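**Q** Order-wise, the sequence lines are chains W and V. Using the numbering used here, the first residue of the first sequence is number 1, and each one after it goes up by one. Using the numbering used here, the first residue of the second sequence is number 415, and each one after it goes up by one.
Some hints here could point you the wrong way.
To be verified - Distance condition first, Cα-Cα at most 25 angstroms in a straight line; then the derived BS3-like pairs of lysine-lysine: (1) V/K825 / W/K73; (2) W/K194 / V/K521; (3) W/K390 / W/K365; (4) W/K83 / V/K451; (5) V/K622 / V/K660; (6) W/K390 / V/K487; (7) W/K214 / V/K519; (8) W/K342 / W/K270; (9) W/K261 / W/K83; (10) V/K608 / V/K622; (11) V/K608 / W/K107; (12) W/K105 / V/K608.
Claimed, not checked - Estimated spans, in silico, between C-beta atoms of each pair: (13) V/L617 / W/N227: 51 to 61 angstroms; (14) W/K83 / V/E539: 41 to 51 angstroms; (15) W/N386 / V/E539: 27 to 37 angstroms; (16) W/K342 / V/N679: 33 to 43 angstroms; (17) W/M1 / V/E733: 51 to 61 angstroms; (18) W/W138 / V/E609: 25 to 35 angstroms; (19) V/D475 / W/V238: 43 to 53 angstroms; (20) W/M1 / V/K645: 46 to 56 angstroms.
Since the hints were derived computationally from the structure, they do not count as laboratory data. These numbers come from a predicted model, not from an experiment. Glycine included, each C-beta is placed from N, C-alpha and C at the ideal position.
Protein chains: 2
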Amino acid sequence: MLAEIITIGDEILIGQIVDTNSAWMAKQLNLIGVSVKQITSVSDDEQHILEALAQAEKRADIILITGGLGPTKDDITKKTLAKYFNMGFRNDAGALEMVRQIFEKYKRPLLDVNIQQADVPDGCEVIVNRNGTAPCMWFEQNDRIFVSMPGVPYEMMYLMDDEILPRITSRFKLPSIVHKTILTANIGESFLAKEIEEIEDSLPPHIKLAYLPKLGQVRLRLSAKGNDEAKLKAEVEVYAKQIIAKVNQFVVIDEDIALEKAILNIMKEKGLTLSTAESCTGGYIAHLITQHPGCSSVYWGGAVAYAYELKESILGVKESTLSTFGAVSEQTVTEMAEGAIKHFKTDYAIAVSGIAGPDGGTEDKPVGTVWIAISSKHKTVAKVFNFSNKRIQNIERSAASALTMLLNLLKEAV
Amino acid sequence: MLAEIITIGDEILIGQIVDTNSAWMAKQLNLIGVSVKQITSVSDDEQHILEALAQAEKRADIILITGGLGPTKDDITKKTLAKYFNMGFRNDAGALEMVRQIFEKYKRPLLDVNIQQADVPDGCEVIVNRNGTAPCMWFEQNDRIFVSMPGVPYEMMYLMDDEILPRITSRFKLPSIVHKTILTANIGESFLAKEIEEIEDSLPPHIKLAYLPKLGQVRLRLSAKGNDEAKLKAEVEVYAKQIIAKVNQFVVIDEDIALEKAILNIMKEKGLTLSTAESCTGGYIAHLITQHPGCSSVYWGGAVAYAYELKESILGVKESTLSTFGAVSEQTVTEMAEGAIKHFKTDYAIAVSGIAGPDGGTEDKPVGTVWIAISSKHKTVAKVFNFSNKRIQNIERSAASALTMLLNLLKEAV
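Turn these sequences into a full structure, and let the hints steer you where they fit.
**A** In structure tokens:
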């Protein structure tokens with residue numbers, strides 16, 4: 001069973017927004033055994049949308065379309081779908097009722113353009129969107145399913161979770177796809193590949209191995225496809241065990257989770273607590289951690305100490321340290337980490353201070369210079385990094401390095 | 415001049431990573447006057463890649479390809495390109511030298527697979543990648559340009575900035591594309607459309623208006639295409655002024671920048687400072703702010719007060735307030751905001767406390783209940799929101815609402 005995802009809208013093609021919808025949809029589809037063959041972004045242009053639909057229809061069984069359903073004139077998806085399927089329009093009573101309810105809830109008058117949002121191609125089935133005014137439309141043609149959804153992420157997510165995925169699952173006998181991911185750190189992709197070369201060469205054709213490198217981590221993903229899910233799982237597990245045995249010292253966890261989530265799991269199991277003291281990462285590490293449900297049993301919080309004043313008042317960094325060595329120094333970052341342990345009363349603390357850029361660099365400390373310290377109650381480890389001259393990248397790489405350093409200190413303490 | 419972007423790799427199609435590269439590339443291309451016709455993600459499958467290349471070649475002048483250039487066996491882009499262009503392979507001396515230098519810098523032995531990274535289809539021009547071991551390859555065929563780049567974001571970004579974009583600009587006489595964006599808040603998309611309907615109807619065919627809604631904000635984007643950039647700018651400016659005059663009370667700023675950046679600009683101009691006191695948003699607001707270069711002149715930092723203990727110790731929230739009203743309450747969030755003003759000594763402070771979920775809700779305070787307070791030295795405004803049961807979404811919507819509340823308080827103080 002193959003799916004394709006088509007996103008409609010100039011905003012992706014001019015780079016104004018990142019297409020996060022497609023990745024989310026692809027993940028959900030894979031989980032129910034539907035492979036995604038292609039993801040395509042096209043503009044709000046009738047001819048181009050028609051071509052994309054025709055090509056997707058040739059390749060895939062299910063075509064999921066997002067975007068271009070707003071009430072305004074630049075949104076042409078509905079008209080184009082009607083043309084593609086050679087349909088007229090009807091005003092759908094169920095869709096109109098939902099629009100009415102939403103406007104009533106927000107106590108806003110119903111405009112003509114909003115009533116028109118309930119106009120749909122007359123041969124489609126309307127699936128009610130409980131979170132917005134654009135209806136979801138289900139079409140069938142030549143044994144293919146086409147679903148058009150709004151591009152607003154949470155409207156699309158609810159529709160997928162509550163309606164589309166359950167319908168696909170109950171309608172088709174889907175093959176099983178089993179993924180197993182091993183997260184590694186402290187080793188490069190090519191070294192890893194050399195270490196596990198023999199295991200990779202021994203994989204049967206229905207099991208594939210992929211290397212997914214990102215910021216000092218490499219994810220190894222085994223993917224197996226077949227009909228017997230239990231058998232696939234068992235097979236994949238055998239190869240995963242072989243890989244883990246071979247590169248054990250670099251393995252963080254054998255789950256497809258983020259590094260910070262793996263750390264949270266390890267710390268939770270040991271009953272350890274964590275705080276953060278961030279300067280140049282500006283809350284990004286805290287954000288990475290607090291994305292994860294249940295983090296509060298480990299993570300207590302911390303400081304975003306951007307100004308000197310806050311480094312002193314919240315973390316107790318000495319004014320003399322800042323004036324003698326500067327904010328980006330081993331001494332300051334050490335006092336930040338140890339200050340976090342002392343003031344926030346956690347078992348471990350992460351501290352980061354650096355020059356994220358693009359300005360603020362000096363000859364001694366160019367943009368990209370970042371000091372990171374990790375403290376436990378017994379020990380502080382500090383290290384300097386020299387990243388790039390790109391701000392966002394410096395923030396992300398600092399966070400990844402800090403998390404890896406914390407992981408290593410946790411492993412040492414075993 | 416039309417471009418297409420093709421990303422190669424299963425990781426996007428199984429939803430393991432979000433394709434941020436394409437949005438970035440599209441933005442840069444648009445800035446130099448190249449329109450992106452389509453963005454396509456295909457799997458590491460030879461036949462599928464060949465088809466995508468052939469289709470892109472029909473539609474576009476420049477085809478930019480990322481991904482699938484790693485040293486490992488799942489990466490087949492180079493082999494497939496050689497097949498597409500009917501070329502053999504050569505080991506490129508310049509590319510090999512760069513690989514050598516990178517391994518020397520990190521003091522790692524050079525493996526056979528790394529030497530093979532310098533193997534390239536023999537008819538391509540190699541563009542040296544200074545930030546990684548995969549070479550960038552430039553092909554020309556039938557008046558079309560194909561460029562293959564690594565998928566690692568910062569390697570691709572350097573190559574685009576330093577090599578690819580300058581080559582495209584110097585080679586072609588490109589049309590001008592002028593965009594002008596107006597950021598609005600506190601008004602829905604359809605109301606905005608109704609307000610400016612007459613202006614929209616009066617636009618000439620070469621100027622388009624798009625509505626880009628996101629988390630309580632709507633961006634209005636005017637796009638004009640033609641040959642005379644100065645004339646286009648002047649034209650767009652006329653329509654932008656008309657729109658701004660019509661919906662002035664909802665206009666945040668007439669630039670394509672994020673809401674938090676607009677706020678930073680407003681506060682910087684007035685010499686105002688800001689701090690944050692975050693519970694359920696867990697550093698996300700701080701992160702949004704500190705993404706922006708130069709934020710330190712306004713933003714001093716703040717607390718991520720996840721645990722009760724840190725709400726008390728850093729922000730001075732009273733224990734009795736927490737025990738009487740709970741952490742998610744008007745009283746607590748008010749004390750958090752006022753505590754931030756007092757302890758961090760800033761002019762304004764944002765405080766957020768809520769139940770992000772998926773657990774932790776009660777009958778009175780279900781998941782998605784979020785209290786937000788904004789304090790100045792003279793005033794505190796607090797408001798409760800009821801968002802969804804999705805954690806990430808609650809974090810993002812809380813941040814957007816908090817920023818809008820801050821904006822409104824700043825406007826009030828004018």
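**Q** With reference to the structure, classify each hint as holding or not holding.
**A** A quick look at each hint next to the structure:
1. V/K825 / W/K73: violated, 31 angstroms
2. W/K194 / V/K521: Holds, at roughly 17 angstroms.
3. W/K390 / W/K365: holds, 15 angstroms
4. W/K83 / V/K451: holds, 21 angstroms
5. V/K622 / V/K660: Status holds; Cα separation ~18 angstroms.
6. W/K390 / V/K487: At roughly 31 angstroms apart (the allowed maximum being 25 angstroms), V/K487 and W/K390 break the hint.
7. W/K214 / V/K519: Roughly 20 angstroms separates the two Cα atoms, so the pair holds.
8. W/K342 / W/K270: Holds, at about 20 angstroms.
9. W/K261 / W/K83: Cα-Cα ~47 angstroms, so violated.
10. V/K608 / V/K622: holds, 16 angstroms
11. V/K608 / W/K107: holds, 17 angstroms
12. W/K105 / V/K608: holds, 20 angstroms
13. V/L617 / W/N227: 51 to 61 angstroms: Because 56 angstroms falls inside the window, the suggested range holds.
14. W/K83 / V/E539: 41 to 51 angstroms: Because 43 angstroms falls inside the window, the suggested range holds.
15. W/N386 / V/E539: 27 to 37 angstroms: Taking Cβ atoms as reference, W/N386 and V/E539 lie about 31 angstroms apart, which means the hint holds.
16. W/K342 / V/N679: 33 to 43 angstroms: holds, 37 angstroms
17. W/M1 / V/E733: 51 to 61 angstroms: holds, 57 angstroms
18. W/W138 / V/E609: 25 to 35 angstroms: The hinted range 25 to 35 angstroms holds for W/W138 and V/E609, with Cβ atoms some 34 angstroms apart.
19. V/D475 / W/V238: 43 to 53 angstroms: Since V/D475 and W/V238 have Cβ atoms about 49 angstroms apart, the given range 43 to 53 angstroms holds.
20. W/M1 / V/K645: 46 to 56 angstroms: At roughly 52 angstroms between Cβ atoms, V/K645 and W/M1 fall inside 46 to 56 angstroms, so the hint holds.
Checked against the numbered hints listed earlier, the structure breaks hints 1, 6 and 9; every other hint is satisfied.
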